[in-house]
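Read top to bottom, the protein sequences are chains A and B. 151 is the number that our numbering gives to position 151 of the first sequence; each next residue is one higher, with no gaps. 9 is the number that our numbering gives to position 9 of the second sequence; each next residue is one higher, with no gaps.
If you are wondering where the hints come from, they were derived from the structure by calculation, not from laboratory data. Treat the hints with caution; some may be incorrect.
[Claimed, not checked] Computed from the model, here is a short list of chain B residues facing chain A with C-beta under 10 Å:
#, residue
1, Ile5
2, Tyr8
3, Gly22
4, Gln60
5, Phe65
6, Ala72
7, Ile80
8, Ile81
9, Ile82
10, Ala83
[Unchecked claim] Here are the simulated lysine to any residue pairs, SDA-like style, with alpha carbons at most 25 Å apart:
#, chain 1, residue 1, chain 2, residue 2
11, A, Lys167, B, Thr58
12, A, Lys168, B, Ile82
13, A, Lys168, B, Phe85
14, A, Lys89, B, Lys88
15, B, Lys100, A, Met75
16, A, Lys93, A, Lys168
17, A, Lys168, B, Arg86
18, A, Lys168, B, Glu6
19, A, Lys89, B, Asn92
20, A, Lys93, A, Phe34
21, A, Lys91, B, Val32
22, A, Lys168, B, Glu95
23, A, Lys89, B, Leu98
24, A, Lys91, B, Val36
25, A, Lys93, B, Arg86
26, B, Lys88, A, Met75
27, A, Lys89, B, Val76
28, B, Lys88, B, Ala68
29, A, Lys122, A, Leu21
30, A, Lys93, B, Ile10
31, A, Lys167, B, Leu54
32, A, Lys168, B, Asp94
33, A, Lys122, A, Leu107
34, B, Lys88, A, Gly161
35, A, Lys122, B, Arg86
36, A, Lys89, B, Val32
37, A, Lys167, B, Met39
38, A, Lys167, B, Leu89
39, A, Lys89, B, Ile10
40, B, Lys88, A, Leu107
Being a predicted model, the structure only gives us computed values, none of them experimental. Glycine residues also receive a C-beta, built at the ideal position from the N, C-alpha and C atoms.
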Amino acid sequence: MSLELILFIIFGSICAVTAVLMVTRPNPIISALFLVLNFAALAGLYLILNAQFIAVAQVIVYAGAIMVFFLFVIMLLNPAKENRFLEHKAKLKIFTVVVVALVLVQLIYMIFLAHPSGTITKEVANSVNAGTIESIGREMFTNYVLPFEAAGYLLLAATIGALVLAKKKFE
Amino acid sequence: MQIPIEYYLILSAFMFSVGIVGVLTRRNAIVVFMSVELMLNSANLTLITFSSYLGDTTGQLFVFFVMAVAAAEAAVGLAIIIAIFRNKLTVNIDEINLLKW
Numbered sequence: 001m002s003l004e005l006i007l008f009i010i011f012g013s014i015c016a017v018t019a020v021l022m023v024t025r026p027n028p029i030i031s032a033l034f035l036v037l038n039f040a041a042l043a044g045l046y047l048i049l050n051a052q053f054i055a056v057a058q059v060i061v062y063a064g065a066i067m068v069f070f071l072f073v074i075m076l077l078n079p080a081k082e083n084r085f086l087e088h089k090a091k092l093k094i095f096t097v098v099v100v101a102l103v104l105v106q107l108i109y110m111i112f113l114a115h116p117s118g119t120i121t122k123e124v125a126n127s128v129n130a131g132t133i134e135s136i137g138r139e140m141f142t143n144y145v146l147p148f149e150a151a152g153y154l155l156l157a158a159t160i161g162a163l164v165l166a167k168k169k170f171e
Numbered sequence: 001m002q003i004p005i006e007y008y009l010i011l012s013a014f015m016f017s018v019g020i021v022g023v024l025t026r027r028n029a030i031v032v033f034m035s036v037e038l039m040l041n042s043a044n045l046t047l048i049t050f051s052s053y054l055g056d057t058t059g060q061l062f063v064f065f066v067m068a069v070a071a072a073e074a075a076v077g078l079a080i081i082i083a084i085f086r087n088k089l090t091v092n093i094d095e096i097n098l099l100k101w
């Protein structure tokens, strides 16, 4: 087993387990903390995939900013604890899980049917080159400068919108 | 030996499915929102996987923009949740049926 595979198994299993725990825990604070762990493990996977810049951005933006925001809102609202996963409307929830499991099986079947590893093999030099902040920055400020500016305006609009929405009661 | 690309895609598909289960079964609006973030992240993992395996930067740029949109979406969505809580004193989506026909 190569080091890459061992790291993938570690981070991948953390991702999978924390995702399931996040959905099933009744307390929203614990859900949020498991989601932080999930995002951190995802950043590890991005590092294995040679996407250094996105891995750092993942930790700063997702695990840092967005999840702190979520935790603040949970703290502000102090929502009541939900029932345990199968306590309330158990049949409906089991039905949901079965349907989604069917969708997952279908997805996995399609992935194996397409057999992408037959045609796509990673060339390490290209892969490392694609993930550096230099190549991302070059693309961002040449070919994708318009979407980049638009994202800036989107964030400005979202900030103002959030302020307006959270400020006062609706009439 | 390198990892087959299928492993990443299956992990991503699994996380997406777990996110769907969360959206459909949880009743707390904030947790539903967090499940949506989980689904966004599983899509990001797919984009990064293909970007890395094909040696193409575009996928990672796309993930960058997805992150920007997700930040905006979280800000506005949580503001809406706060506004709803002010009016109805609950974040349980079973009790928020203002738009129900």
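Going down the list of hints, with the structure as the test:
1. Ile5: This hint holds: Ile5/B lies near chain A, its Cβ roughly 5 Å from the closest one there, short of 10 Å.
2. Tyr8: This interface hint holds because 8 Å falls under the 10 Å limit.
3. Gly22: Nearest chain A Cβ about 4 Å off; hint holds.
4. Gln60: 5 Å, holds
5. Phe65: 6 Å, holds
6. Ala72: 3 Å, holds
7. Ile80: With Cβ-Cβ at 6 Å, under 10 Å, it holds.
8. Ile81: 7 Å, holds
9. Ile82: Constraint on Ile82/B satisfied, holds at 5 Å.
10. Ala83: The hint holds - Ala83/B has a Cβ within 10 Å of chain A, the shortest such distance being about 5 Å.
11. Lys167/A <-> Thr58/B: Given that 25 Å is the threshold and the Cα spacing comes to 38 Å, the pair is violated.
12. Lys168/A <-> Ile82/B: 10 Å, holds
13. Lys168/A <-> Phe85/B: 12 Å, holds
14. Lys89/A <-> Lys88/B: 24 Å, holds
15. Lys100/B <-> Met75/A: Violated: Lys100/B and Met75/A sit about 29 Å apart, past 25 Å.
16. Lys93/A <-> Lys168/A: The given pair, whose Cα atoms are some 36 Å apart, is violated under the 25 Å limit.
17. Lys168/A <-> Arg86/B: Roughly 9 Å separates the two Cα atoms, so the pair holds.
18. Lys168/A <-> Glu6/B: At roughly 49 Å apart (the allowed maximum being 25 Å), Glu6/B and Lys168/A break the hint.
19. Lys89/A <-> Asn92/B: Roughly 15 Å separates the two Cα atoms, so the pair holds.
20. Lys93/A <-> Phe34/A: 21 Å, holds
21. Lys91/A <-> Val32/B: Within the cut-off at roughly 20 Å; holds.
22. Lys168/A <-> Glu95/B: 21 Å, holds
23. Lys89/A <-> Leu98/B: 23 Å, holds
24. Lys91/A <-> Val36/B: 23 Å, holds
25. Lys93/A <-> Arg86/B: Measuring from Cα to Cα gives roughly 29 Å; hence the hint is violated.
26. Lys88/B <-> Met75/A: 17 Å, holds
27. Lys89/A <-> Val76/B: 31 Å, violated
28. Lys88/B <-> Ala68/B: 30 Å, violated
29. Lys122/A <-> Leu21/A: The hint is violated at about 32 Å.
30. Lys93/A <-> Ile10/B: This hinted pair holds, its Cα atoms lying about 23 Å apart.
31. Lys167/A <-> Leu54/B: At roughly 46 Å apart (the allowed maximum being 25 Å), Leu54/B and Lys167/A break the hint.
32. Lys168/A <-> Asp94/B: 24 Å, holds
33. Lys122/A <-> Leu107/A: Roughly 23 Å between the alpha carbons, so the hint for Lys122/A and Leu107/A holds.
34. Lys88/B <-> Gly161/A: 21 Å, holds
35. Lys122/A <-> Arg86/B: 52 Å, violated
36. Lys89/A <-> Val32/B: Measuring from Cα to Cα gives roughly 17 Å; hence the hint holds.
37. Lys167/A <-> Met39/B: 29 Å, violated
38. Lys167/A <-> Leu89/B: Holds - the C-alpha atoms of Leu89/B and Lys167/A are around 16 Å apart, at most 25 Å.
39. Lys89/A <-> Ile10/B: 29 Å, violated
40. Lys88/B <-> Leu107/A: 40 Å, violated
The structure does not agree with the numbered hints 11, 15, 16, 18, 25, 27, 28, 29, 31, 35, 37, 39 and 40 stated previously, though it agrees with the rest.
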